[in-house]
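J.: Protein chains in written order, with my numbering: chain A, 5 to 439; chain B, 5 to 439.
The hints are simulated quantities; they were obtained by calculation from the structure and are not laboratory data.
Some hints here could point you the wrong way.
[Stated by the list, open to error] Derived Cβ-Cβ restraints for the label pairs, each shown as a range:
| # | chain 1 | residue 1 | chain 2 | residue 2 | range |
| --- | --- | --- | --- | --- | --- |
| 1 | A | Q122 | B | R49 | 36 to 46 Å |
| 2 | A | G16 | B | A372 | 56 to 66 Å |
| 3 | A | H241 | B | D353 | 31 to 41 Å |
| 4 | B | K221 | A | I352 | 58 to 68 Å |
| 5 | B | A121 | A | A340 | 43 to 53 Å |
| 6 | B | A121 | A | L27 | 52 to 62 Å |
| 7 | B | G411 | A | F55 | 22 to 32 Å |
| 8 | A | H241 | B | A330 | 22 to 32 Å |
| 9 | B | L423 | A | L27 | 38 to 48 Å |
| 10 | A | G101 | B | T407 | 52 to 62 Å |
| 11 | A | Y87 | B | A330 | 32 to 42 Å |
| 12 | B | D186 | A | K6 | 56 to 66 Å |
| 13 | A | G86 | B | G327 | 56 to 66 Å |
Cβ atoms here follow ideal geometry from the backbone N, Cα and C, with glycine treated the same way.
There are 2 protein chains.
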Amino acid sequence: MKDIRVGLLGLGTIGLGAARILLEQQELMSRRLGCRLVLVAAADRSLDRDFGLDLSSVRLSSDAQDVVTADDVDIVIELIGGYEPARTFVATAIEHGKHVVTANKALIAKHGDELFAQAESNGVVLAFEAAVGGGIPCLKALREGLAANQIESIYGILNGTCNYILTRMENEGAAFADVLRDAQALGYAEADPTFDVEGVDTAHKLSILAAMAFGSKIHFDEVFTEGISRITPDDIHSAHELGYRIKLLGVAKPHGEQVEMRVHPTLIPLSSQLAQVSDSYNAVQASGDFVEHTMYFGRGAGERPTASAVIADVMDIARVLPGGVAYLPPAMGFIAAERRDLATLPIIDAECEYYLRLMVQDDSGVLATITSILADHHISLEAVMQKERHATHSVPIILLTHTTTEGNFQAAIARIIALDCVQEDVLILRKEQTH
Amino acid sequence: MKDIRVGLLGLGTIGLGAARILLEQQELMSRRLGCRLVLVAAADRSLDRDFGLDLSSVRLSSDAQDVVTADDVDIVIELIGGYEPARTFVATAIEHGKHVVTANKALIAKHGDELFAQAESNGVVLAFEAAVGGGIPCLKALREGLAANQIESIYGILNGTCNYILTRMENEGAAFADVLRDAQALGYAEADPTFDVEGVDTAHKLSILAAMAFGSKIHFDEVFTEGISRITPDDIHSAHELGYRIKLLGVAKPHGEQVEMRVHPTLIPLSSQLAQVSDSYNAVQASGDFVEHTMYFGRGAGERPTASAVIADVMDIARVLPGGVAYLPPAMGFIAAERRDLATLPIIDAECEYYLRLMVQDDSGVLATITSILADHHISLEAVMQKERHATHSVPIILLTHTTTEGNFQAAIARIIALDCVQEDVLILRKEQTH
């Protein structure tokens with residue numbers, strides 16, 4: 005039975021998960037592949053610790069360079085994370101004719117297209133199932149399972165930390181800052197949570213999904229991104245009363261030669277499948293012109309689930325190695341020459357429904373003034389909720405609009421905020437009809 | 005650009021869906037594949053009708069033999085359904101060196117293993133994504149996306165007709181027979197619904213999933229199967245009060261050298277992702293030792309969703325054709341020599357939790373008698389519900405047990421039914437902790 009030799013960069017959480025599968029599931033994987041995956045080398049900056057795993061059969065090095073240039077490595081797994089030095093190591097591995105598997109969404113979102121080109125010209129492949137949705141094989145589903153479809157929309161709950169925080173805020177009626185602090189203490193959120201709670205991580209993943217779905221280049225920098233830090237338990241409660249749950253959602257839709265990409269807290273119907281995705285679970289909903297709505301659900305992070313996706317990529321590569329990676333589906337679902345550089349839809353042209361929370365003076369005529377401004381802009385309302393009076397001389401008003409463009413909505417909002425009877429603390433959320 | 009030539013058997017609902025994709029999505033598919041899929045020939049017994057589709061570029065025949073033996077066909081799509089003559093046509097196509105794609109779960113469940121062997125010895129592939137879960141790429145997920153995992157359990161809502169009926173029974177409080185009649189009038193259920201409502205269709209699909217998950221041969225005939233026709237709206241209501249929803253569930257679990265396979269109406273937690281799958285939607289929940297819980301959701305039937313899965317298989321084959329289908333993952337997820345003939349766990353050895361609905365005489369001491377019999381058999385209770393008195397001198401009692409073996413439970417039930425105070429109309433449902 006032929007050996008396929010694997011080198012591993014990074015022995016952190018996910019790296020050790022990948023090593024564990026390679027060491028512990030060898031028999032199972034050989035039964036599936038007809039060849040043997042052998043972990044021959046691994047690199048990590050700090051080797052002087054207990055890995056909780058017998059790595060005695062693995063050549064260890066503190067220098068990643070040793071792995072990416074090794075003659076006896078066929079496939080390199082990059083689990084260092086971040087832009088650099090991961091990018092340099094991946095590029096070097098490709099130059100040396102190694103196939104690369106990574107879970108690094110930041111790297112793919114930012115430098116994926118240049119690395120795919122480099123891989124193609126070196127006759128190797130760069131695979132990244134674990135970069136989106138952790139253990140969920142959602143990229144494979146989109147790239148292969150739905151390949152006969154024009155994709156009509158992608159909705160994703162792609163960040164476990166945000167979903168965990170929103171779930172606890174809803175269940176406990178607790179404030180964002182309190183839940184975040186607790187999540188940090190429990191290790192569910194990073195010490196610097198910006199990347200997660202401000203939507204950057206979700207934007208990384210969404211940009212990859214969108215490019216794969218619509219056959220475009222990856223435009224991470226152009227994703228419209230808002231985080232969850234301004235959501236209050238009252239908003240969650242109001243949304244619930246209106247029949248919705250608030251999720252940090254990645255949204256991507258095609259518009260001819262443009263692609264719409266947005267990440268923001270979003271009201272989705274309580275009855276929809278996505279609204280049931282709680283705690284740190286992730287899910288991707290992909291709809292196509294033939295398949296209609298599909299959804300993929302599972303663990304979006306964690307040592308073992310993420311390692312599951314990493315090794316699935318390794319197995320896909322191992323299977324075709326005797327013939328060459330031309331027999332794999334193209335990394336981004338379209339052959340390189342057919343990937344287009346579609347423009348990103350300017351956010352002001354995006355069409356949306358809105359949830360608007362205003363604090364207004366508790367006077368007669370205020371609601372009439374606000375709704376007449378919205379009417380001026382041809383924005384019609386699905387619901388209006390005036391909540392009980394606060395201690396101060398102001399009351400919260402919740403408005404749920406029908407569809408309008410972001411540009412038109414922002415123009416109306418500017419006029420509303422300028423009103424003397426409206427306070428500056430305005431919260432705008434968006435609404436999507438998920439399934 | 006190279007042409008891959010496709011022949012189609014059956015121009016019914018799904019067949020026309022597949023033809024539509026091949027004719028209408030050609031450009032999209034070429035951008036993904038780098039080759040062109042061309043529908044060159046199609047066969048159907050009745051050609052003298054309006055297909056609602058321009059088939060003028062396709063060579064039509066009323067004899068399937070013309071397609072499966074044609075020199076200019078690379079891939080045959082079989083969408084006739086049923087055991088025969090589908091089996092003979094598929095076998096003939098394989099003999100003639102054609103790759104075959106089918107949506108025929110009955111055929112795969114019953115004759116799959118012999119056809120896989122024939123395909124392997126002819127150097128061709130038999131693909132069947134659409135046979136389970138319709139448009140949902142759940143077999144690909146299980147076979148490839150979760151390939152690094154020992155699969156620990158499979159739960160499937162695999163029959164849209166049953167799920168539609170149960171959803172309407174719950175929403176409307178309507179009786180099974182009434183909803184079924186209406187579903188038949190609307191075309192959601194067949195004139196003879198036995199296959200669907202008695203669980204046979206679900207058993208076909210479950211036997212395929214189980215064999216793929218655990219690396220075993222397909223043992224459709226050994227699946228324990230019960231249908232939904234005895235469920236009442238009261239049962240659905242009682243289950244709901246206890247925190248559960250009733251679904252027709254396919255359940256498969258590994259037990260060393262044995263495989264457990266059961267299809268029956270099942271109480272699953274209201275909060276679980278699977279409990280949200282309503283109407284005619286399908287879903288498969290697959291859990292693995294690394295990936296934990298994953299779920300795949302979408303349309304389990306219908307022209308366009310099923311055709312989406314059929315053509316995804318065609319595209320997978322087209323991609324590797326220049327090199328040969330050895331570069332595809334093995335049809336059942338394990339190389340042929342490594343598929344084992346695991347025995348099916350006898351149903352009496354299966355461990356389950358039970359929902360038991362009894363009609364008993366409204367006398368003191370009856371509940372004590374029943375629960376003491378259960379205690380004799382070491383069966384402990386999670387819940388007991390005595391419902392309001394009926395018009396007659398009898399009352400329904402609902403018992404929810406903790407885990408016991410089917411054999412032990414049936415022994416206890418036999419003693420309970422023998423009691424004078426218990427009527428013969430006993431309903432036994434099972435319970436699973438889905439996620």
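J.: Take the hints in turn and mark each one as holding or not.
T.: Status of each hint after checking the structure:
1. Q122/A x R49/B: 36 to 46 Å: Between Q122/A and R49/B, where Cβ atoms are some 54 Å apart, the hint is violated.
2. G16/A x A372/B: 56 to 66 Å: With a Cβ separation near 59 Å, G16/A and A372/B satisfy 56 to 66 Å, so the hint holds.
3. H241/A x D353/B: 31 to 41 Å: violated (49 Å)
4. K221/B x I352/A: 58 to 68 Å: Holds, since K221/B and I352/A (Cβ atoms, about 59 Å apart) stay within the stated range.
5. A121/B x A340/A: 43 to 53 Å: With a Cβ separation near 38 Å, A121/B and A340/A fall outside 43 to 53 Å, so the hint is violated.
6. A121/B x L27/A: 52 to 62 Å: violated (33 Å)
7. G411/B x F55/A: 22 to 32 Å: violated (45 Å)
8. H241/A x A330/B: 22 to 32 Å: Hint violated: Cβ distance 58 Å, outside 22 to 32 Å.
9. L423/B x L27/A: 38 to 48 Å: violated (57 Å)
10. G101/A x T407/B: 52 to 62 Å: Taking Cβ atoms as reference, G101/A and T407/B lie about 54 Å apart, which means the hint holds.
11. Y87/A x A330/B: 32 to 42 Å: Cβ of Y87/A to Cβ of A330/B: about 38 Å, so the range 32 to 42 Å holds.
12. D186/B x K6/A: 56 to 66 Å: Holds - the Cβ-Cβ distance for D186/B and K6/A, about 58 Å, lies within 56 to 66 Å.
13. G86/A x G327/B: 56 to 66 Å: The hint (56 to 66 Å, Cβ to Cβ) is violated, given that G86/A and G327/B are roughly 36 Å apart.
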